[in-house]
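K.L.:
Once you've looked at the hints, go ahead and assemble the two chains, each given alone in its own frame, into the complex.
What follows is the residue order along each chain.
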Amino acid sequence: MFQSLTDKFDGIFSKLRNKGVLTEADIDAALKEIRIALLEADVNITVVKSLRDRIKVRALGEEVHKALNPAQQVIKIVNEELTESLGGETISITYNSKPPTVVMMAGLQGSGKTTTTGKLAKWFKSQGRNPLLVGADLQRPAAVEQLRTLGRQVGVPVFSENSDPVTVASKAVEEARSTGRDVVIVDTAGRLAIDDELMEQVRQISEAVSPDYTFLVVDAMTGQDAVTVAESFNDKLNLDGVILTKLDGDARGGAALSVKEIVGKPIAFAGTGEKLDEFELFHPDRMASRILGMGDMLTLIEKAEQTFEQDEAEAAAQSLMDGTFTLDDFLEQMQQLKKMGSLGGLIKMLPGLPKEMRDVDIDDGELARVEAIIKSMTTIERAEPSLIDASRRARIATGSGTNPSQVSMLVKQFSEMQKMMKRMGGMGTKKASKARRGKKGKKAKKGGRVTAKSTARVSEKGTKVRKAPLMLPGLDRMDADDFEKLASELEELSE
Amino acid sequence: MEPILIIIIVAAVVAVAGLAFFFSRRSRRVEIEPQERAQVGGRQSGDTALLEREAPGDKAPGETTPGETVDADPDVVLAEESTVPAVADEVIKPSFFDRLGKARSAFTGYLGGLVGAGALDDEAWEDLEEALIRADVGVQTAMSLLEDVRSQAKEEGKDQGEEILGLLKTRMKAEITGKDRELIIDEGKTNVWLFVGVNGVGKTTTIGKLGKRLVAEGHKPLMAAGDTFRAAAAEQLTMWAERSSVDIVRGNEGGDPASVIFDGIKAAEARGCDVVLADTAGRLQNKSNLMDELSKVRRVAAKEPGHVSEVLLVIDATTGQNGMTQAKVFAEAVEVTGVVLTKLDGSAKGGIVFAIESELGLPVKLVGLGEGVDDLVDFDPDAFVNALFE
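In the order they appear, the protein sequences are chains A and B. Just so we're aligned, residue 102 is where the first sequence starts under the numbering used here, counting upward by one. Just so we're aligned, residue 1241 is where the second sequence starts under the numbering used here, counting upward by one.
So here's chain B without its partners, still in its complex pose (with noise of 0.2 Å):
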């Protein structure tokens, strides 16, 4: 920033500042404000220090030794190879389509008067269009999905319900299909799997489920707690880990992340471990301090041994279509390779994703459906879209 703007703000605050004053000091002749005045007390007194966050490059986590840091605290270091038998026949992975039948019942029936009643006519172009946006899937994504439905419906002759809403549902699985949803995992290499988003979005909770599947697989997974931010983050991470039964690397609250997630890459390679689940502090993606600091630690990550084959954007289905600039910046700052869809069990529809992937073409890779530690699944993209009308 232009330091000349800091001026700019400070001279007009100043100015501010001499104008609430004036008056303040006008009014108190006339009445009191005991509320008001007990509130400026308040919070003169209540100043507590507060964690703030490190800005990103004052350490070069490159030089940081394992030993520095609190690298694998021998405490949370949980259960060893040996409770990793092959459990994967016990998983049962829940259908996308049962779990989504749960959630959906109650809702179902909302373009029932679609089918079979004849000719569409515009009232039934507009529900159509209001069933699009109401799932969140966008005005200008639904305005041109339905425009181009209008046109090859018009070419084909097709003037019946049923007949248009299987062609848009058809347009829609077409944008979709074809991805590849693939978590890589390359062999014989410490694999980093970096999970970013917003606030509050599931991404701990994600890598808790997600380290049981891996382990299920016969794969042997480590988790690296690198949201030092969040009061009580990596503690939420520990729980998770135990109950899966996977190692866990953290550092301290308000410590550099990177270097967390670097120690987490180390103690994998010692330890045989071929994937790092790491987690990293939910930021909001237009504060650019925090942006620089995730694309930071995706630099880090990269560093021998690590081998970045995964970064997931996480996002929560309840998502409006801020979802899509989540998308974009994410993607910028840290070249996202697929995205991880959560709480898709309730009454959202995560309809954002659709823009998300036919816009950017970003893949959804895994969908969370519920709070169980096996609710997280594949994502399957024609259940998803048929879900999106239901």
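Excised from the complex, chain A in its bound form (with noise of 0.2 Å):
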């Protein structure tokens, strides 16, 4: 996600952090290569154009003069500008006090409005809602079936019928009055914004059920145009947000940043993947944080705090500490992550990692083998790997379709990570000292910028990650030093 801005950035930054004062030519350098950048990453001209004067004005200004590190200062205030262009504030839902709360989409054609309107009645029910799906699309050949069938794996009821598309929303809401749904979902076909009859069905559609939300949906791929669309949208239907789909491609994203800029409608939500629940609200500020390669610690923890159960978790992470982690803890956390959503979305979300590391293709497929090597072990096996030898391994490996080699690869690992982890533990706490003081350390900026920018509760989050304890193992204090040489000695471990 946004990983070649990341990319490119890293690099304009990197030659920055090695100089230590600055003059105008270099932040001009720099400048140029920013727009260059963000021109590659479909970020709207006009906002390129307004991004970089007023980046501009503020490098060249008293606040990097006076800083004792010029080049953080001056990435400091790129992310901040991005967050501003992002839009600053993470939206929040608020329902009608007359239900149904009514909720309408539009955009293009395949811009992934009826998979959106799917996860999105998704998303309603894990709200604690009761949603209704309208299928008002009733151009694209086998939509509203699209709808139903989605509609089926959410178990969320579908309206629709074959009349017109403002008959059939209007119904719904009335049917959804009556049938006690409190959230209704409106499909609508997609349209070119230059098409006036369309556009003026659309406009018919939100007379009739006055939306409470209207939303744009807008792929992650869209180019210069993006804009235009959203402003054409915007002028019938006062649009209340954007949902940006397909986040989870190597699309650079640039539309998110160009739409709040210029539009001035929030990113609410974005999908990030092919599975019904690969969609979230949308954090501009953690988006920021993850377009400069900072990570996003924030959502893997909410992530987390979703998936694991609280005891659970602290007892892995206390055992992981003391040595005692046996495998079938390891299984347990391996089936719990699963649940997390796909290895690569999660990976991507750690800060600080290499380029080299976020760029491994990951297969969740791997995941399975070392399951079913683990789960081919005895109980006693699993307390205690020591114990395998050559035939043990060799029933192992028959036993879970794999070979000995794989089977005693997988042991060896699990025994290093063990040390592995015992270390990081003592790493995380000599770095986090040093990480306060602001030095080196991404991680302190990290918090402090999130609560500068975001809604109470996530600011209240972030400074929680920066007071961060000593106690567990430190990875969120490790940064790209720490893994790179982790890395390294994984890589001479595995051959």
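Incorrect hints may appear among the rest.
Here are some, though not all, of the chain A residues that point toward chain B, as calculated from beta-carbon distances under 10 Å [stated by the list, open to error]:
1) 132
2) 136
3) 149
4) 216
5) 293
Please keep in mind that the hints were generated in silico from the structure rather than gathered at the bench. In this text, a Cβ means the ideal position worked out from N, Cα and C, and glycines have one as well.
P.N.:
This is the structure in structure tokens:
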């Protein structure tokens, strides 16, 4: 997600970092590169110009000259401006006091409206609501059929009939009222912003159901045109926000930056995968961190919170540190982990990961193999892997459909990991004090920034992260150097 | 992936989870966050079984007998040859320019100031670059094009806006003209045209429109609903097949796409169809397992009696710079033979295909200019370049 932009900024900033004092020429050179990076990321050219001007004014101003470390200061400015452009606050949905709360979806063809409608229904369900889906896309062949399939998958009823979109939408609201559904999500046909007839139709739907929220669905791969489209839809429908789809691709997502800046509507949600629960509230501050290569610990922590049982996780963390973590515990953790989403997605949220590790191609099937190997061990073997000799190894390999060398590799790596985790706990302790002084610590900065820009709940968490206690394995306090060291140690091991 | 990495991640998540709970326990002593809790509960209970993609290579499709999967369900076999009389003359192919005209009229005059404004100053050169960038041609491509034109203009002593714009257009047209844009149907073979691309670009719709066009040209196409992943994709294609009176072969949702397409090829051979229009599920090019699956589909489609004569990458005109990555990755995975540019009737100009053509040499073969069944036309490089500046 946003990966290539991250890499670009990495490069630009590392050039700056090597300089003690920044001249105007240094800043101009960096700004030129930032301009290209942003344009290549599909940020709208108008936005690029104004971003560049704003960064320049601030970068040449007092705050940089007086700073102890000018390069860090410039990076901070870029980050703040990006966060500003992405839309400062996370949207919070307020429900209509007279149910149902009506949500309307609009967008171009193929932006992912129908899929997003299904995902949104699932999200509302997870908030304890009773949504009703409405198939008002009577244009695209089988669009309603697609919505019905999605409705079945998320366990939400779908209302549609073969009349016209305006009638369908109005009837659906009535239907929701009489059946006690408190949220109505209307899927509409995809349309071009320049198609007056269809734009008029969507306006009529909107008028008929007077939605509490109107979302424009925008594909993260969209280029310069995203702004034109958003402006046209906003003229007709008065949007409340944008839902960004296909963020799991490698598109640089500049459309996200542009729409907020020009149309003034925030990004409300983001679709991050093909599974129906790969959909989340959009946190602009976190996204800016991710773009700047600083990871997204808050989202990761939230995901973990939703997945793991508290006692279990605490016990596991404890046993990990005092080295009593067994393969059984490991297996359990792995199964929980799978619920959190794809490994690739999780890795990208880890802060400070070097480029090589971010780019590693991750096959979730690998997890299954490791799982199979552990499951083919006896209880005693799992508790005491050193028991595993050649004949046990052969049995385990047969049982799991792998080969003995894979089994011994897993056992070896597991014991190395045990040692490593203990060491990492110590490493984190050392690093933490350093990070707080803000010399090298990305984490300390991250916490502060989050606090400044986001909603109360998040900022509270941000502060918490910064004040993390030293008792736990300090992965969140490791920086890129630590990871590199770790990675090279691991490479030696696996050879 | 190295198993070792998984282990790191697992460890990391354990650590993170431990952290998270340490704090959530702490904060709950102080305050209660009902909304968040509700969300936690909802997520856990709302775990629904979802369609998972089949991992590639779990089934050897060559061994699949046509009867084994859902082969040519009689219900969905539509239309016999008899309904295919010469409708050819009725099909009026809309001209590229006419159709663009409608979309562009609202956006003309962007570079109006350039023409007749006298000698170009730096600002005007910047405007020119901006116009290219706004059309999604890409900043690097725009910069190098303008550098070339600048030195050429200097050489030829040209400095008037109109002249420069002319030079630029000529330069751009030269990049992309002279390519073979013909869609290939080899006679006496069961040709397969494979349609690939990311999600939502219009693959299924393109096949639907193309079916009618091929029928009108006297061919006998058959559609294979190889998108077994997206909900109701096969239904969507079936409706198109009905509209254009073309046979269709479909499989089960969640089934193996390669075998559905292979069944389609077998059915096409049996019924004497000369071209199989094979749909595939949209996939983002950075999902390597899905790209592997697609390579497999292509390999299977090339098995006897299949003859893959076109692999068409469908790109949405609204696509920005990511289009280049799409083209590179798809070309590597499935040997793309051409590009279909869809949704060019909107306000987007599809400039990225200029970069794709000039850098990768992939010819754009078809353009989608509207929602009607006849709105799929041949690509016209001249009109395309002119339209970029309107």
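K.L.:
Work down the list of hints and note, for each, if the structure agrees.
P.N.:
Here's how the hints hold up against the structure:
1. 132: This hint is violated: residue 132 (chain A) lies away from chain B, its Cβ roughly 14 Å from the closest one there, beyond 10 Å.
2. 136: 8 Å, holds
3. 149: 9 Å, holds
4. 216: 8 Å, holds
5. 293: 4 Å, holds
Hint 1 alone, counting from the list given before, is not met by this structure.
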